[in-house]
Structures are given as structure tokens and as C-alpha cells.
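Can you build the whole structure from these sequences, using the hints too?
Residue numbers (the numbering used here), protein chains in the order written: chain A, 1 to 380; chain B, 1 to 318; chain C, 1 to 81; chain D, 1 to 327.
In case anyone wonders, no lab produced these hints; they're calculated from the structure. Just so you know, these numbers come straight off a predicted model, no measurement behind them. Take these hints with a grain of salt, some might be off.
Just a sample of chain B residues kept apart from chain D, beta carbon distances all over 12 angstroms, derived [said to hold, decoys possible]:
#, residue
1, K2
2, R20
3, P57
4, A177
5, M178
6, E183
7, S185
8, I200
9, L236
10, F246
11, N283
12, I285
With a Cα cut of at most 30 angstroms, we get these calculated DSBU-like pairs of lysine-lysine [unchecked claim]:
#, chain 1, residue 1, chain 2, residue 2
13, B, K261, A, K42
14, C, K16, A, K201
15, A, K118, D, K203
16, B, K261, B, K280
17, D, K203, D, K253
In this text, a Cβ means the ideal position worked out from N, Cα and C, and glycines have one as well.
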Amino acid sequence: MSTFVMPSLGADMESAVLMEWKVKEGDRVAKGDVIAEVETSKGVIEIEVFEEGIVEKLLVEEETECDVGSTLAIIRTEGEVTPAETPAKSLPEPVIEVDHVDPSIDKAPEPYAGERIKASPAARRKAKEMGIDLFSLAAAGEALHLSQVESSAPTEKNETSGMRQAIARAMSRSNAEIPHYYLGTSINMTPALHWLEEENKKRSIQERILPAALLIRAVVLSLKSVPELNGFWENDTSHLKAEINPGIAIALRHEGLITPALLNAETMNLDQTMRSLDDLITRTREGKLRNTEITQQTITITNLGDLGVQSVYGVIYPPQVALVGLGRIIDAPWAEGDALCVRKVMQATLAGDHRATDGRTGAKFLDKLNDLLQHPEELL
Amino acid sequence: MKTDIEKANQFYRDMLLIRRFEEKCVEMYSREKIRGFLHLYIGEEAVGVGVMHALSPEDAVLATYREHGQALARGIDPKRIMAEMYGKMEGCSRGRGGSMHLFDGLARFYGGSAIVAGALPLAVGMALADKMMKRNRITVCFFGDGAVAEGEFHESMNLAALWHLPILFVCENNRYAMGTALEFSHSETNLAKKAASYCIEAYQVDGMDVEAVAKAANTAVHEIRAGNGPVFIECLTYRFRAHSMFDAELYRSKSEVEEWKKRDPLLLLYQKYPNIDIDKYENEIALIINEAITFAENGTLEPVEELEKFVYTQEAIL
Amino acid sequence: MTQDQIKAAIIEQILKIAPDIDEADIIPDKNIQRSLEIDSFDFLKILTALHEVLGIEVPESDYAAVDTLEHMSAYFAQRII
Amino acid sequence: MSTVITYREAVRQALREAMEKDERVFLMGEDVGRYGGSFAVSMGMLEQFGSERIIDTPLCESAFTGAGIGAALNGMRPIVEIMTVNFSLLALDQIMNNAATLLHMSGGQFNVPLVIRMATGGGKQLAAQHSHSLEGWFAHIPGLKVLTPAIVQDAYDMVLLALADPDPVLIFENSLLYNTKGELDTALTPLSIGKAQIHRSGKDISILTYGISVFKALEAAETLAREGIDAEVIDLRSLRPLDDEAIMTTVRKTHRVMIVDEGWKSGSISAEIMARINEQAFFELDAPMGRVCSAEVPFPYAKHLEDAALPRAETIAAMARKLMEEL
Chain A
1 MSTFVMPSLG ADMESAVLME WKVKEGDRVA KGDVIAEVET SKGVIEIEVF
51 EEGIVEKLLV EEETECDVGS TLAIIRTEGE VTPAETPAKS LPEPVIEVDH
101 VDPSIDKAPE PYAGERIKAS PAARRKAKEM GIDLFSLAAA GEALHLSQVE
151 SSAPTEKNET SGMRQAIARA MSRSNAEIPH YYLGTSINMT PALHWLEEEN
201 KKRSIQERIL PAALLIRAVV LSLKSVPELN GFWENDTSHL KAEINPGIAI
251 ALRHEGLITP ALLNAETMNL DQTMRSLDDL ITRTREGKLR NTEITQQTIT
301 ITNLGDLGVQ SVYGVIYPPQ VALVGLGRII DAPWAEGDAL CVRKVMQATL
351 AGDHRATDGR TGAKFLDKLN DLLQHPEELL
Chain B
1 MKTDIEKANQ FYRDMLLIRR FEEKCVEMYS REKIRGFLHL YIGEEAVGVG
51 VMHALSPEDA VLATYREHGQ ALARGIDPKR IMAEMYGKME GCSRGRGGSM
101 HLFDGLARFY GGSAIVAGAL PLAVGMALAD KMMKRNRITV CFFGDGAVAE
151 GEFHESMNLA ALWHLPILFV CENNRYAMGT ALEFSHSETN LAKKAASYCI
201 EAYQVDGMDV EAVAKAANTA VHEIRAGNGP VFIECLTYRF RAHSMFDAEL
251 YRSKSEVEEW KKRDPLLLLY QKYPNIDIDK YENEIALIIN EAITFAENGT
301 LEPVEELEKF VYTQEAIL
Chain C
1 MTQDQIKAAI IEQILKIAPD IDEADIIPDK NIQRSLEIDS FDFLKILTAL
51 HEVLGIEVPE SDYAAVDTLE HMSAYFAQRI I
Chain D
1 MSTVITYREA VRQALREAME KDERVFLMGE DVGRYGGSFA VSMGMLEQFG
51 SERIIDTPLC ESAFTGAGIG AALNGMRPIV EIMTVNFSLL ALDQIMNNAA
101 TLLHMSGGQF NVPLVIRMAT GGGKQLAAQH SHSLEGWFAH IPGLKVLTPA
151 IVQDAYDMVL LALADPDPVL IFENSLLYNT KGELDTALTP LSIGKAQIHR
201 SGKDISILTY GISVFKALEA AETLAREGID AEVIDLRSLR PLDDEAIMTT
251 VRKTHRVMIV DEGWKSGSIS AEIMARINEQ AFFELDAPMG RVCSAEVPFP
301 YAKHLEDAAL PRAETIAAMA RKLMEEL
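Dropping the structure here:
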């Protein structure tokens, strides 16, 4: 038994009116016989049947409109099945994107060279009108949009939400892309702090050195002996950097953290580290950072010690490959030989990108850091 | 040399292949396996078969969008033609040309053209190249009565005659340019007469009689190979079906169609040679057609990533 | 200088170093660094400025004695003759 | 070694050398033989190569262009000269529906190694029907390559590059350039099709242009230099394919860009270039992109009107100044 359907005579034909049957039920039909006349937008057209057989049933009244493909009649065929057609396989409609996307669009926006901040023209003009320095808003790799500039206007409520958004994007990318490993160790800070207090006695209050500077100095020197943690991970290879530009976590009151880079810290002694750290923090708070300080960090140090957190396990800022977390220095029990005493103790942690380095490298770094802090004089 | 009866059998078989192939196309079109435009050669088989038999494999052929007959008569594999109409990669144009643009390098079949008279200037150039390089092969260009009204017909005929080019112009006058009858297109409806104004030798022949067409084509090709080209043949023929699949044929009467059907080229040939083994050819051809359908059904779709392939040659060389 | 004058001087320095802090936020008996979110750098700046204004240098060992406004002003008051 | 010759002689030298080297190469077009070429480019070639290979055609642009395509299909390397781009409209169907399409439509079976040369451009008071610059149109069509030689070296190189290319190549020669003189060094390896060329490097603003406008842009650049504006002038040399890399490189260098295009603005090659810069170098822009095109009018006969309609060094310099003032 086979059904006779309204044929499609052209891509633009959706339906036709069955005007007149040319056969009656019970009639024998041969291949190519005209079975009916249909009215189309172009006039009346005869439609034909493609199999031998007997007209079993006419399902549609004359003068009725039928969609293309709708069944018009049943034809009883003598067991003859159209051999050629392989009924099982129906070809999937090929999805062909008609509007071919110009490949040049998919190319990532031009990696901007060196000094230039990526910002839309609208953002650039708005920043100029509002006297805002674009550098204070940019976050590595992300293009600044008008909304970010507008929302960064010194109105009270969301002063740097533009920056927050950019950092948020970097953080989510980091979590998604970077396979982190974490290591932590406790460091007896008493010798270092005691040594620093003695050093500060030799200095006026203007030249006084804070523990943060000492710690940063120790991290920088440790990186000199474990250089694998200092650099970028890009297109599946790690790029070690000669210069050490640690991003220092600086709190902007009420707006969270920004990590500008202390550029070329490897060239500074302890005093120079303190001075440039002081300058960096001041300029950060005044929104006067240079572009390289925003984009060229080779590692990041978060020392949230100030705010009473014992240990810090941070998320690496892409494309960097490591992050050092320095916790609060607290009085804690400490065994020396078989005696138990109280010492100033700090938790030091390292988050590493497992694509670039492994736990062994991280451990070597923390071990070197601890060793340096036990011999603070080497940090001068 | 083949005897007349042997030739007649060959003619019959070739014309029957075209007839059944085209009928299958109608069925596959209404089943939405074939889309786009479909122009059938049913009724004009004698012209394509008659002319192709006069050609040699080295000659070049240019046709129109009503080209299935020429393509089959020229020997292009029915499987590859059907696959082309299914839009499959195994089609003779990789599924990119469809019914109106069949191409085959080996058969030197330089396509159908969907621009009326668009292929005439190409034929002029093909023949010019053969003449310049002193190659002994000719170019045949098929076109309809509609094309004769195009400017390019005049320009091409003039160039071909002016430069004595080895071209056989074959005009398939089927009396209608889509819906416009001959007398509404041409001040002079005897199209062969137009060739005289370019001093081109012309024959007018019964396009339903395959032997007559073959005879005229052989004579013309002989003249051209002897350096007396171009030659113009007007074949008076008729298409039994609509211009294309979506045409109510308001421009002609049913009786006129029935009248012409009495001179069906297959019928005429069979009446002259009644001992042609029709059933043998019917079975033989049914198999060929079914194979073509299976081949087309099983064909693959060209990957969309290759969309831009062959826009320029370096992709083609890869 | 009276203790109140010293307290005013201290508040003045705090507001200079951290302009976005409101005077009302400075609660005399609260730890300055924690309540006003002032980190060790800013705290050092305040002490350095007070050294210029009041002439007293607070050594690191005395940090515990200057943790609140109250303690700090008392600390300075004892040392300014 | 290099010589100083005219643009016309450079084209002729290339045609002559190509025909001497390869018997498949021949020249076909109106008045290319006995008349010596409507712009005297093929002067003397009929005497050297004979009427078999320097073919004067009747006035039938569609047929002789189509014949060029057919001959290319059949093993030849024809050069079709369409007297001016204004008459190419009669051959547009053959160029678009046959030349540009056959390779792709035939599934890679048939190449069309054809060269079509046309004179282009206005500025000779020939009024509306004889002053078109439509090279930008043809650059819309996939399957074609479109070259616009400005300097004499390119007038020579591009004929040979086009003949060596297995696909149809259109060469647009601005008719005002035929008499210009310049250096030609036949030993130089030619800059390939699709590569732009910096004629004047600069750091403040990039001027992208082609054809005769290259010289107007260079003139404007001198004026601008005296005012302290350092303009980079880039000759695109080919409108299809466009040298995206060179375009984006100069935009990244100067961050200010303008285009000089003798076509009409709407749907022009200048519009296409601006769209690509927008897509690929948006964040590099410090100012809106500018362009100087022909006025959107049928070209007038009167000289003062035609001059006003065409891009000129003054209008190019004015646009550059405007872009420099933008923030």
C-alpha cells in the first residue's frame, strides 16, 4: 500500500488547491498517469503518479487546499516497492551557515603592543572628558568599555566597579584555565623581626623599614634561585622573565585589592625596596600608576597579614604562573630542640600553575624563603 | 562503418536513456530529492543524440540549462549527473552546479549555462584557441530560439564568421522561450535565415528525426574540419513537458502538445525500424537509472569547511 | 600642648593620609589600624608625620602603646613637655 | 639595471616580452592592432606579432571578453583589452558569471587564466559616461583578482604577474598615468599580487590609497609635513585581495587612518576597508576613520565642476588635518 502526496513543484510552493480528480477509486493507474489537476500560484498543473497500482482511496475532496507533502490518496501496489530508494536512510538537513562569518573577525583583537591601553574610542573620549587616567582603570588583557569609565567616576557608591569587573573576569578565567597546586609552610619570623628592629634603630622614622618590605625582598631573592616561578604561561609554553616584577596586593579602602607591579625589584636592595614600595602604594591610592605597572607583573604577592588572616591561598593572575601568600604574623608555640617556646610565626603559601611548574619547584621556593628569613642579614 | 540498423539501435538506446532519466528526475523532484530549477529534455532527445554522434572525443561541447540530454548523449556517467542534482560531492560538479551546470573535463563538456546565450562567446574563444594552436578539433554550442534574440548571438556569430572559426552552432528551436512563442520573439521566425547575414552556411532540419539531425550534423562537422566553419544548424523540435517544474503552460494548448507527441522521436525511429528490441533497452536502462538513484542517495555532502575551495586556483591545486 | 590639641593633631594627620575617612569614624578607644582599615604603610606615614608635627619619634617597640587614639594622644602628651 | 620610461611604454614592454616568450599569449580588443591601441599602448605590436596574435575585434565587448574566457579555458593565455572600464559594463555578465565562477562551479575542473586590462578614471572632461572608476565594484566578486598599478614599475610587473596567475586578473590603468615617467628595473623580483607598498612612511596618520590617487596623497603628505603632520602613504596595489596585514600594521602604528578612493562612497572599496579596520583594529583607533572619494554625481563636463568632484591633494590634506584635531 503506498500513499500519494501533494508533490512539491518548486522551492517556493507551500500548498495547492486540489481542483479535480482524474481517477476514481478502483481505477488502475500506470507510472506517469495524470491523477489530478491542482491550482497553484502559476495556474493549473497536472500531477502524476509514479507507481503501477489500483486507486484504493481518495482522501481529499475536490476544491480543497492541501499542503505540499500531505496525503491525497492511497494506492494499492502489487507488492512492487521502488527498489532504488533505501527507505531507512533519511539525509539529515545539512546545516549550512548562510551568512559566512568573516574569519578575520574571529582573530583575537590585536594584542596591543607595550605602552598602549586597550580602550574603546568611546571610553577613551569619556576618560578624557572626566579627567580620569585610563591607566588607573585598566586590567591586564581586558579592553576598557565606556561603561567602565563612566562607572569609575568618583561618585560615592561604585567608584571602581569597572576595575572590579575586569579583575573578576581575570579571576574566573584563571580558575577555569589554570590547574593550580597549593603548598604551605610555617616560618619562624622572630629572628627576622628582631633583626629588623635593630636595623630600624639605626634609621630615622623616615627611613624605617616595614616587615612587608623585608618579606618582599626575601621573595625576590628566593625567585632568583627558583626562576621557574617568575614569568608567563602563553600558547602552551612558559616564558621565564629576567626582570622580577612582583605584583603587590594593595588595598584601596572600600574597593578591594589591586596588585600593581614593583618593577625590577631584583635590582633593589632592602632600603630601595621599602622606598619604591612606599611610592607605589601612594601612587596607587592617588590613581597615578603607569601602564607597565598594571600589565607587566611576573608574579603576585598577597600579604593580607595586616588584616588578621593567618594563611592565604590565592588564585593566580593569568598569564602569571605563581602567587605567594603571606599570612598574619602571630605568637605561636614553636619547638626548638626539645624545648617548647613562643615565637612570631607566619604562614607562607604558594599557588602554582601545574602546566608551568610542579610541587617540587614550589617546595624549593618556600624552603629558600624560609632559609633567607632565618638569615635576614642576607636581605640587606 | 555501422549499418543503419546498428546506428538506429544506438540512437534508440541513447534517446530512451534520456527519456527514462528525465522521467525519474520528475519523480525525484516531487519527492524533494532534487531542488532548484529542473528543465527537461523530453521531446528533444533526437537533437542531442543526433549531434553528439557526429562528434569526436576531442571536440568541446557547450550547452544550456536544458542539458541533461546533451550530457548523457556525450557519455557523462548518469550516476554522476544524478548525484549532482542531489547536490552530492560525487556529482560531476561536486554538487555545486546542479541540473543547470553539469561539467566534465574528460568529456570536454564545458557546462550548461543559465544565462541565455551566455555560452556563445565562450564557444567563440574555444574555437579561436584551437585555430591559433592549429589543433584539429571543433567546438559545438547548443542554444535555444530564445538565445537568438540576445545581442551575444549577433556578436558571436559575427566573430565566428569573421575569423572562420571551427564552431558548430546548434539552435534547438522548440518554439518557446519559456512562455514566449517564436512569433512573439522574432521578426524573422525562420531562424536559419539569420545565419546568411553573417555568410554562415546553415541547415534547417526536422529536430524530431534523429537520423536527419545526425546526417546534417555529420555534414556540418565535415565542413568545419575542412576549414569551412562555422556552420549553423536549426533543429525544429518541441518539448513535451513544461519549461520547468513549476509552469502551468498557459502559453500553449494541450492539443498542440498532443499533436507534436504524435512525432515523438522514439516513436518515429521505432516505426522506421520495428525490430529494435525495445524491451531489452527498457530493462537495461531501468537498471542504469536505479543504480544512478542509489549512487546519488548514498552520496556525501561536501563539507561546509570546503565552501571557499576553488574560488581561486591555489585551493584547487591542493 | 594640651591632650586635646594633641588629639586634634593626630586626627588631622589621619584624615590627611586617608582622605576618604570621615572624622566621625575615628572612635577614640578603637584600634586605629583595624577600625579604619589603615595598613602598616599608612600607619607608618601617620607616625612619621606626627614626628614632624609633634617632634616625638615612636619606636617600633612602642607600637602597642599607640594602638588607639586615646593611647596615642596620652603617649604623646607624656613626652611633650 | 633600471631605466626611466613612461607608464605606457612599461605596459607595452611587458606585453611584448610576454608574447615573445610564450606563444599562448595574445592580445585582443578594439583598435589594439592597426590603430595601435586607443591609448597607444600596443603601438607597433601588430607589425611585430601579426594579426594572428594582435587581434582587432568588432565592437562586441561581451563576445570578445567571452571569447577571451573561452580561449583561456582551452589552453591559451589571452590578454583582453577593454578600451575603458566604462565599456566593461557590456561584458559584466561574462566576467562575473563565467570568468569568476567557472572554477568554483565546476568543482575545480576548469581554470580561467585570463588577463583583462582596462583604462579607468575621470579628469579628462569626458563627462559622465566616460569617466567612471569602477575597480572597486569588481573587487566585490570572489574569483577575480583586481590590480591597480600606480607606479611605472607596477605597470610592468603586474602584466607579468597577472599572466602567471591561473585565475582571472583585472588590471585597471588610470588613463592619466600613461604619460607619467618613472623608473623600471626589469631585474627586480616583483612585489607579489595582494601586497601593499609604503611609498612614504610616517607616524601621525596613515593614508591608504591606490592608482592615480597615490600621487595626490603624496602631494598632500608634503604639504602636511610642512605643518608638522607626518603622514604615511600606502599604495594598496591590489583591491582584491586586500593586504589586511599591511592595513592593520599601519593603523596600529599611527592610530589615525584615512582612505582616498576615486570611486563613489556608497558601497565602495573605501567602505570595505573601513569595515575591515573596524573588525580587526577597532581598539587601535584614536579618531574616526576618514575618506576622500569622488562626489556622488554623474561626472560633469565643465572642468571646474569635474575638479570639484574628484579627490585632490587639498581635500586629502584637509581631511588629514581634521582627523589630527580629533581627540
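Are there hints from earlier that the structure breaks, and if so, what are their numbers? none
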